[in-house]
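**Student:** The chain contents come next:
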Amino acid sequence: MSNDDQILEEFTSKEYEFGWTVDLEADEAPKGLNEDIVRFISAKKDEPEWLLEWRLDAFRKWKEMKEPTWPNVHYPKIDYQDIKYYSAPKKGAAPKSLDEVDPELIATFEKLGISLTEQKRLTGVAVDAVIDSVSVATTFKDTLAELGIIFCSFSEAVKDHPELIRKHMGSVVPISDNYFAALNSAVFSDGSFAYIPKGVRCPMELSTYFRINAANTGQFERTLIVAEEGSYVSYLEGCTAPQRDENQLHAAVVEIKAAANAEVKYSTVQNWFPGDKDGKGGIYNFVTKRGICEGDHSKISWTQVETGSAVTWKYPSCILKGDYSVGEFYSVAVTNNYQQADTGTKMIHIGKNTKSRIVSKGISAGKSQNSYRGQVQVMKRAENARNHSQCDSLLMGDQCGAHTFPYIDIENKSAQVEHEATTSKIGEDQIFYCQQRGIDEESAVALIVNGYAKEVLKQLPMEFAVEAQKLLALTLEGSVG
Amino acid sequence: MLSIKNLQASVEEKEILRGINLEVKAGEVHAIMGPNGSGKSTLASVLAGKEDYEVTGGEIDFLGKDLLEFDADERAREGVFLAFQYPVEIPGVSTTNFMKTALNQIREHRGEKPLDAVSFLKRMKEKMKLVEIDQSLLSRSLNEGFSGGEKKRNEIFQMAMLEPKLAILDETDSGLDIDALRIVANGVNALKSKENATIVVTHYQRLLDYIVPDYVHVLYKGRIVKSGTKELALELEEKGYDWIKEEAEAQA
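The listed protein sequences derive, respectively, from chains F and S. First residue of the first sequence: 1055, per this note's numbering; consecutive thereafter. First residue of the second sequence: 249, per this note's numbering; consecutive thereafter.
Here chain F stands alone, though its shape is the one from the complex:
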């Protein structure tokens, strides 16, 4: 066995660290999807009539739609009637304070390394934790409330701020936008809502931690972030899922709205269960994320570190409607074993003097397939639009694949669009160089990969960056090409 093979072997036999389940009594919907299930979910959540109608409308549209086949991913046909669309930990009504939260849940989060307790105050992170489908507890709500910031679960927002939800929900990602967005709109169970009023700079990172616990449950959360004029918020999303043999479906929708001079940073570290080394199990991560820079001089920045999921289909995008608005997309996507990722972004330039920047770093190992798919669109009235795209692929071993699908669509002659792409392999020479200085193989790979991904990682808030670095190291321990 050559050195490469040996290292790859070690690397591919690494197990998913977060593969455990907790016995939580769950309140579930029966398997299957029909109008009754949609009504069941809506009733469970005690929703107003307009929302039920909204869901039913989405469901009817979804039934007419076809699952997309254009992504460069392959998976067995999903039986949508074999999935449970609602699962909530059973323990009375929504908790009023942390004391009321099921201790076992708290333990779950502690295993994940996130604590809902006051410890977070020190790190300045407010957490809205979503386990299966219901938001369990939201910390720091009071501190934020003083500034007029709303940060709560989606269900709470529906109850407490129906006018905001009604106004903004579906305005960036319409219910019939795509197959999975329609599905989400019909059955979404919970998620997070953040509202930053005019001129307010959110003093702490807002954070959501998603986790899929119950077997055979799809998780369909929705996130809506509304940043009013001149406001700023940095939002973090982290995800893990327990290890299961069956594939689990995750179809989320994230909508961001930025008014004039507002800035929203959205960071994701996605670590859903990727399946085992033979490609069994794992999460199907079909997510629609989109932001609109509505006002002039607004900015939306997506940063994602994608290490998990069996299949990923995800294109966090920016609609640059306001003049001088800015969209950014920074991505590290790692695939290993039999993972497949088709991810990238869309930058749609509508306003004048709009700017976008894309930095995508793909890392493929094992027998995985990693695709970047990006679209830069410059509309007719988008004078002086600028885009710079950089798409790099790093390969480990000779059985994986890296693909790039850039689409550029320009209707205004003043546009300047640049696209750079590179493909490289982690060299045995690089590893040897590190080893010769006393650095072991695993640390060497971690060092090289983190160096490669640095441009993206440095976009993450400090605390998250450290976690992401560890995650990269963990996913790619000891791999060479």
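If you're looking for bench data, these hints aren't it; they were derived computationally from the structure.
In silico DSS-like cross-links for lysine-lysine, where the CA-CA straight-line distance does not exceed 30 Å:
no. : chain 1 : residue 1 : chain 2 : residue 2
1   : F       : Lys1421   : S       : Lys298
2   : S       : Lys273    : S       : Lys377
3   : S       : Lys373    : F       : Lys1512
4   : S       : Lys253    : S       : Lys478
5   : F       : Lys1524   : S       : Lys361
6   : S       : Lys440    : S       : Lys377
7   : F       : Lys1221   : F       : Lys1434
8   : F       : Lys1508   : S       : Lys377
9   : F       : Lys1508   : S       : Lys370
10  : S       : Lys469    : S       : Lys253
11  : F       : Lys1508   : S       : Lys361
12  : S       : Lys361    : F       : Lys1512
13  : F       : Lys1434   : F       : Lys1375
14  : S       : Lys377    : S       : Lys361
15  : S       : Lys298    : F       : Lys1524
16  : F       : Lys1221   : F       : Lys1117
17  : F       : Lys1508   : S       : Lys373
18  : F       : Lys1252   : F       : Lys1406
19  : S       : Lys370    : F       : Lys1524
20  : S       : Lys361    : S       : Lys313
21  : F       : Lys1138   : F       : Lys1120
22  : S       : Lys262    : F       : Lys1479
23  : S       : Lys348    : F       : Lys1512
24  : S       : Lys370    : F       : Lys1512
25  : F       : Lys1508   : S       : Lys298
26  : F       : Lys1334   : F       : Lys1421
27  : F       : Lys1434   : F       : Lys1467
28  : F       : Lys1508   : S       : Lys348
29  : S       : Lys348    : F       : Lys1524
30  : F       : Lys1508   : F       : Lys1421
31  : F       : Lys1409   : F       : Lys1434
32  : S       : Lys298    : F       : Lys1479
33  : S       : Lys348    : F       : Lys1479
34  : S       : Lys469    : S       : Lys298
35  : F       : Lys1221   : F       : Lys1120
36  : F       : Lys1421   : F       : Lys1512
Residues from chain S that keep clear of chain F, each with C-beta distances beyond 12 Å, as calculated:
no. : residue
37  : Glu276
38  : Thr304
39  : Gly306
40  : Glu307
Note that the coordinates shown come from a computational prediction; the quantities given were computed from them, not determined experimentally. Just so it is clear, CB atoms sit at the ideal spot from N, CA and C, and this is done for glycine as well.
Mind docking chain S on chain F? Use the hints.
**Tutor:** The following block gives chain S in isolation, referenced to the frame of chain F:
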């Protein structure tokens, strides 16, 4: 310190080293010279533990330990350092970060605590002077966009940081102008002590004007065919390698 007995090594079935014998004691400087393709760099790589080379026979004893039992990183932690002929680029990783990782792994191996930030910086500053290297260079991605001279000075800087027992300089003079050569050589000389040893692998005598060897060995077709003192190097400079080749062929 280092005892090489009848070392044979091949790459892709091709035999390159055909029985090397070499004794290096602490405090000594040995020069390995020889024409192109004689196996000089192979010897350096084999000592450092590069996997591309298969050791087919012989033994290497380093401070009482069988070096061939160790992987490259373990050898480094035992005190073997190779200054590369072609230092490798690692984008996004600064020399500072690289050295911190390396030094702490070596310290861990020795059962020492990692250096705190202040001590690490102090050590960096001290060693930077030695090779006249600038802080800004150490903050840049390792070897990326470095000039030939900067790369080689960076190698010696790393050597200074890690304080190896045995330093192997593989064609460190290649691609250096005379000023860079002097700086690099001064650095190496400053690091010399009674406790460590240096092996200088070079094609030309030039470097040996600055780093004066105790012994000079000539490698030809995978064997050491002649050993002597520094005068041997001068003789080679004057007469070239042809007479060595002839002598070797005649003996064979």
